[in-house]
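S.K.: Chains A and B, in that order, are what the protein sequence lines are.
To convert, note that position 336 of the first sequence is 506 in the numbering used here; the numbers rise steadily by one, no gaps.
To convert, note that position 306 of the second sequence is 476 in the numbering used here; the numbers rise steadily by one, no gaps.
Fair warning: there could be bad hints in the mix.
[To be verified] Output of the computed footprint for chain B on chain A, the stretches with three or more beta carbons under 8 Å from beta carbons of chain B: (1) 233-239; (2) 298-308; (3) 348-358; (4) 526-533; (5) 579-588.
[Said to hold, decoys possible] Chain A is faced by these chain B residues, among others (derived, beta-carbon under 7 Å): (6) ILE204; (7) GLU207; (8) GLY503; (9) ASN590.
Rather than coming from a laboratory, the hints here were simulated on the basis of the structure.
Note that beta-carbon positions come from the ideal geometry of N, C-alpha and C, so glycine has one too.
Protein chains: 2
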Amino acid sequence: MEFFDSEAAWLEHLRSQSSLPRGFQAAVGNLTFIPAERPTEKPYAMNLALIRANSPLQSFAGVFTRNRMPGAPVLVARRRMQQPQLRGVLINNRISNVCSPTGVEDIGRLSGELARLCGGTAEEYLSASTGIIGWSLPIEPMAAAMPPLVEQLGRADGLDVARAIMTTDSFPKLRAAQCGEARIVGIAKGAGMIEPNLATMLVFFLTDATLDRGRLQAMLPRIVDRTFNCISIDGDQSTSDMVLTMSSGAHPVAEDRFELCLTALAAQLAQDIVRNGEGAEHVIRVRVHGAAEPREAATLAKAVVNSPLVKTAVYGNDPNVGRVIGALGDCAGNCDIPLDPRSVTLSIGSEQVFADGVFRLDKEKENRLCSYLKQAAFDPGRRGYPQHDRTVDIDIQCGTGPAEATVYGSDLSHAYVTENADYRT
Amino acid sequence: MEFFDSEAAWLEHLRSQSSLPRGFQAAVGNLTFIPAERPTEKPYAMNLALIRANSPLQSFAGVFTRNRMPGAPVLVARRRMQQPQLRGVLINNRISNVCSPTGVEDIGRLSGELARLCGGTAEEYLSASTGIIGWSLPIEPMAAAMPPLVEQLGRADGLDVARAIMTTDSFPKLRAAQCGEARIVGIAKGAGMIEPNLATMLVFFLTDATLDRGRLQAMLPRIVDRTFNCISIDGDQSTSDMVLTMSSGAHPVAEDRFELCLTALAAQLAQDIVRNGEGAEHVIRVRVHGAAEPREAATLAKAVVNSPLVKTAVYGNDPNVGRVIGALGDCAGNCDIPLDPRSVTLSIGSEQVFADGVFRLDKEKENRLCSYLKQAAFDPGRRGYPQHDRTVDIDIQCGTGPAEATVYGSDLSHAYVTENADYRT
Chain A
171 MEFFDSEAAW
181 LEHLRSQSSL
191 PRGFQAAVGN
201 LTFIPAERPT
211 EKPYAMNLAL
221 IRANSPLQSF
231 AGVFTRNRMP
241 GAPVLVARRR
251 MQQPQLRGVL
261 INNRISNVCS
271 PTGVEDIGRL
281 SGELARLCGG
291 TAEEYLSAST
301 GIIGWSLPIE
311 PMAAAMPPLV
321 EQLGRADGLD
331 VARAIMTTDS
341 FPKLRAAQCG
351 EARIVGIAKG
361 AGMIEPNLAT
371 MLVFFLTDAT
381 LDRGRLQAML
391 PRIVDRTFNC
401 ISIDGDQSTS
411 DMVLTMSSGA
421 HPVAEDRFEL
431 CLTALAAQLA
441 QDIVRNGEGA
451 EHVIRVRVHG
461 AAEPREAATL
471 AKAVVNSPLV
481 KTAVYGNDPN
491 VGRVIGALGD
501 CAGNCDIPLD
511 PRSVTLSIGS
521 EQVFADGVFR
531 LDKEKENRLC
541 SYLKQAAFDP
551 GRRGYPQHDR
561 TVDIDIQCGT
571 GPAEATVYGS
581 DLSHAYVTEN
591 ADYRT
Chain B
171 MEFFDSEAAW
181 LEHLRSQSSL
191 PRGFQAAVGN
201 LTFIPAERPT
211 EKPYAMNLAL
221 IRANSPLQSF
231 AGVFTRNRMP
241 GAPVLVARRR
251 MQQPQLRGVL
261 INNRISNVCS
271 PTGVEDIGRL
281 SGELARLCGG
291 TAEEYLSAST
301 GIIGWSLPIE
311 PMAAAMPPLV
321 EQLGRADGLD
331 VARAIMTTDS
341 FPKLRAAQCG
351 EARIVGIAKG
361 AGMIEPNLAT
371 MLVFFLTDAT
381 LDRGRLQAML
391 PRIVDRTFNC
401 ISIDGDQSTS
411 DMVLTMSSGA
421 HPVAEDRFEL
431 CLTALAAQLA
441 QDIVRNGEGA
451 EHVIRVRVHG
461 AAEPREAATL
471 AKAVVNSPLV
481 KTAVYGNDPN
491 VGRVIGALGD
501 CAGNCDIPLD
511 PRSVTLSIGS
521 EQVFADGVFR
531 LDKEKENRLC
541 SYLKQAAFDP
551 GRRGYPQHDR
561 TVDIDIQCGT
571 GPAEATVYGS
581 DLSHAYVTEN
591 ADYRT
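In isolation and in its complexed conformation, chain A is listed as follows (with noise of 0.2 Å):
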């Protein structure tokens, strides 16, 4: 992982990687418009961002929300990804399109724009969008901006793109990675809370490798389960994730070489998501081992990261491992898991402050936890790029089988709460 020590050199560097991959384009526009669910008459701003395809590709993946109140935007892709071949993607922010009265319709007249204007079918272009729950798509003056965004095809590049998609991040995510002479660009929006079951999650991948879209569809599910679904959760997804792949076939690479390239970058972006996470603070990282089973294991650690108390305790720079140990407790009561005290070793990054059934904690020990949580803070005033790579490491063994999981979550600020007790204004 890459960090840097100002919001200039962060994007910097992401200008320096932000090239498209061979065989593709993309613009980047905007547009005003009065909600007409909302008692206001403040114009509401909204980006788009367009990737087009040079040529149409055979070879494409997608991973979808399993939330079962998936917005249009998702049910019309997952129908789409079934089709030989695909154009692009056209994504908007700051309106999800779930669940609306004219949602699925609205992308038709959408697509069928792009489609008339860039070649194609409307069957070809794929909607992606992030944003405010239940209002439906300003579809007059979306449809009226893709004449002028279709003529800027080729003057945006990833970063412009990465920019365009954020809603409430507060810096752009993008990662790009040489794979022999292939090249994929990873870009991503991330996801509230950090949690891709409250926010949604958009990422992106382009590459110009030439890749067998069977094992692509194959590959991608795994790599997500490995990356981003490890990124706090109690579940894992909003009403509109995806994470789509696609490949225009100009360089032939080996494909488990891709597999761990395209798995790296996303644990990168996974990682910018959850640095990320709506005024965090810390990033807290739960693994738990010597569970029964991983599924076992996974309930506990997300049990734990996803406590409030733990959570708040962590912004507070506060130790308060009882927190952690009643959250434990707390979850393997309810979901029957079970779990004798007298087995569980609990450490706080290098201190063991819980085993055989009782806490071990004295006054010195509680200093070096103080000063161990201030260290892995962030800064609040500097939001604007991954400062650094520091967490808060919670180790809990069980004691009871083999079985382990790992997941990364934030913690609970006064600025989480500003933010979303009215994300919409």
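Fit chain B to the supplied structure of chain A, relying on the hints for placement.
M.R.: Structure of chain B alone, referenced to chain A:
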């Protein structure tokens, strides 16, 4: 439910209700100590409360936390509830006595003191503790406080006990009722974020009704399930939760009538607890009906009431109905609960906002919803009493089956973060 318009009126009402049933005496006291685990020279204050029966009790029952890391008071009480008789309970705040190296031994020492001073054996006294998890009881100052505490027996009433056992509670919680000739007094402290799974809830019912012990033990879990287990949550239980009922047996009662009375008191205390959540400015009531089975209804309702994004929106009087649909769909997807968007109906207050798979929103409805949220808010400047019984009602019809569940939770405010970022200072 009774509500009052000033702290003085609330306290006056509680005082008028607070005489103990026949056969019980109470005392309160306090002490200061320097914690062994924390680098501070600042003394911490601890309250003590003692409830003692004038003669040994043959009828009592308890419901204890399901947390797999239970505190010493829970471990000891579970064992002592098996005995033929009990004489009383000692309650402390500030430290919850969980997984301390000397936890059980410390209870033995304090019970032994009580037996020596008040009669009976050590095993006839229970201990209940609430506060910080992970620290040990300051056993020397506590043991030294027993003789003056016992001397005070008879001088404290129910309200004194209710005040002594508070931690972050902003008002004392006591409710009383007559059941024929018999009296029932319920005293409670509640539960951090109003989530019994995240902070300690202690409830003590004292009665002079004559009750069969076996029947009382069968009745209490039923009552707890319908009352305290419906406030918030994702399960239930902190390391130390307990609901105790002790009967001195002076007045015969009809058992079914007693169960109704005790249920009503428990429901009132549960409402007092939810209205007193740390920093809470709204109580949220989520009713899920039309689910396939009760457990699924409860899982969905708890997912909505515990969603940080729903909670912060309600705090901001922001009718962000999309977050409710997002939380519902996420939970259904993760827990594999069948849910067809086209069958789901969502109402907030009296406004239908989602039906037939789409949102039903307009400017006027949003205005009415904002007003609805505002009228349900508490005045955060007047936290010393339950101000009203208004709730934010979220009603979800799943359209799947006949089952339903209702849960109560609270919003997520700045005051909550402040309170919990360093609860121990």
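S.K.: Which hints from the list above does the structure break, by number from lowest to highest?
M.R.: When the structure is compared with the hints, numbers 3 and 6 turn out to be violated.
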